[in-house]
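Protein chains: 2
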Amino acid sequence: MPAEKRWAIGIDLGGTKTIVARVDGGGKIGRMLRIPTNAAKGAAAVKQGLIEAIRELLKGSGRPPAGIGVGIAGQVDPETGAVKFAPNLGWHHEPFGEDLKKALGLPVGVINDVRAATWGEWLYGAGKGCQDLLCLFVGTGIGGGVVSGGKVLTGCSNTAGELGHITIDLHGPPCHCGNRGCMEALAGGWAIALQAREKVTSDPKAGEAILKKADGRADQITAKIVAAAAKAGDPLALALLDRVALALAAGSASLVNAFNPCRIIFGGGVIEGYPRLIGKVARGLKGRALPPALDSLRVGRSELGADAGVAGSAALVMHL
Amino acid sequence: MPAEKRWAIGIDLGGTKTIVARVDGGGKIGRMLRIPTNAAKGAAAVKQGLIEAIRELLKGSGRPPAGIGVGIAGQVDPETGAVKFAPNLGWHHEPFGEDLKKALGLPVGVINDVRAATWGEWLYGAGKGCQDLLCLFVGTGIGGGVVSGGKVLTGCSNTAGELGHITIDLHGPPCHCGNRGCMEALAGGWAIALQAREKVTSDPKAGEAILKKADGRADQITAKIVAAAAKAGDPLALALLDRVALALAAGSASLVNAFNPCRIIFGGGVIEGYPRLIGKVARGLKGRALPPALDSLRVGRSELGADAGVAGSAALVMHL
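In order, the protein sequences belong to chains A and B. Count along the first sequence from 1, then add 10; that gives the number in my numbering. Count along the second sequence from 1, then add 10; that gives the number in my numbering.
Worth flagging that the hints you see were computed from the coordinates, not collected in a lab. Please read all numbers here as calculations on a predicted model, not as lab measurements. Just to be clear, a hint being listed does not mean it is correct.
It does not matter which identical chain is used: a pair holds within one copy or between any two.
Stated by the list, open to error - Using 30 Å as the maximum straight-line C-alpha spacing, the simulated BS3-like pairs for lysine-lysine come out as follows: (1) K69 / K27; (2) K296 / K94; (3) K296 / K138; (4) K222 / K51; (5) K161 / K94; (6) K161 / K138.
Could you build all of it, start to finish, from the sequences and the hints given here?
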């Protein structure tokens, strides 16, 4: 079937919210349902909620979809569609894709959510037409995806692209992963919030503007609040985000030297909250990345935003 | 022609010495000539020396070779065989492969020397049969090569695999590349020598054993001397190499998380001089790399040593 006549259902299965949408062969998103994930009710309830939403989207559709693609934060087995480990959902070795397939009688593809977003940006977004692409999604954590020589890299055990966990400061602060000085531990949303809370607590005067936006409670400070304070010109917030840009530039230089991408695309909540970071990182890359790798590099911003995952997971079953 | 009947000439073109050898389809090295490169005499003299050595190896060979593969420290254009930049030879935009081809009437392939060594280890050495392989050559500098999904990564402008220039300490010492805190700037041979010279100068008593091996001249200390002192149990040399192991472990953790290789292979002069580094790095990787990436990883040592480049550059014209 020609691409323009194909369609699929794309799913972005998050820890609290889930998006289920119709996606056409060009990556255009049609009807979209937002449902609670209900992770606390257990895996059976999560699957049941998904099945109902999918059935709703299948109603009156005429042509059957190419299949169902699901992006999920965790490690998956691409062959069986099983979820090996998904901390947000509390799942270990959950037979996920197979159960959906049995219930719906349609092909089901399961993929890591960040890799799905990379597919989305590559096929339909800011990475279109590019054979060597690197996507860096800076949200609460930092994840990434790599296209090299026209192929999405998967690695030996399907975990390639853990770009947030490259070490940029071997004596740096501890990371959630157990290592220290990871790019995520200096520039991920959780790390930004942590740094802001510490600064505000140790220097309440400098932290006034940030603290005010958090209703006076340091433990309520988020990366979003820091970004808002920076936009309003608060010096502490600006200094914190300059440190974030430095960390992202150092990490990106490593990735540019190692992968030599034609394009590096930044997305995720922290970038969306403070897009000026991209320009700062691009400037920081000069003098850090090797000139021949830098000469062929373009730095850009995600085009699909939060839709990248849904579009990419649907693409998985349409194109692969 | 079946692989076992093919042969090629492999060349490792270094800044001072050059190796020219017959290599069979199984990567076995036959007759080998070692010639001075004569870089100071200019590009024409270097090419003439190579042509004479190649003609010598072609004598009485019966079957013609599949071609001539040349590994060279620098950036090359794989399409034309031109050398874009080779600092050791003082070459800029030198029409190298084409000139050799004209003179000899044989196919000529030109490749970066570290990538050639990666091909060698992959096809004939410690990486045999592996679809996701990472080679790290720790010599005076640090270079690398990556095989992912059964393909050697080349990147957007053929510079992928500059693994020595990943940042592991964003506040670290300056690197020759212009950045600071690169893995090479903490663990490359030149950096080991530099650290040893500084320590020996600032603390001559602790530096006694190392200094003695350098005939009392701090400026004559090399990484090789530090390795020899460490083997003899010198505490300062052991401490310096522990720092090198830490840097290599931090950098390798980044690479394991980013590429998710099945095998990581260490080679190069620093490793050959002190092979115990491999065990130290393997232990350091635990607790640094992500468990799912670590679970599927094997850490090993180069099998071809200095022959990897010659075997790999010959493979380039036999297999590609």
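Now the hints, each set against the structure:
1. K69 / K27: within (22 Å within a copy, 73 Å between copies)
2. K296 / K94: between (40 Å within a copy, 21 Å between copies)
3. K296 / K138: Result: close within a single copy only, 25 Å intra versus 38 Å inter.
4. K222 / K51: neither (37 Å within a copy, 71 Å between copies)
5. K161 / K94: both (23 Å within a copy, 27 Å between copies)
6. K161 / K138: Close inside one copy (13 Å) and across copies (22 Å); limit 30 Å.
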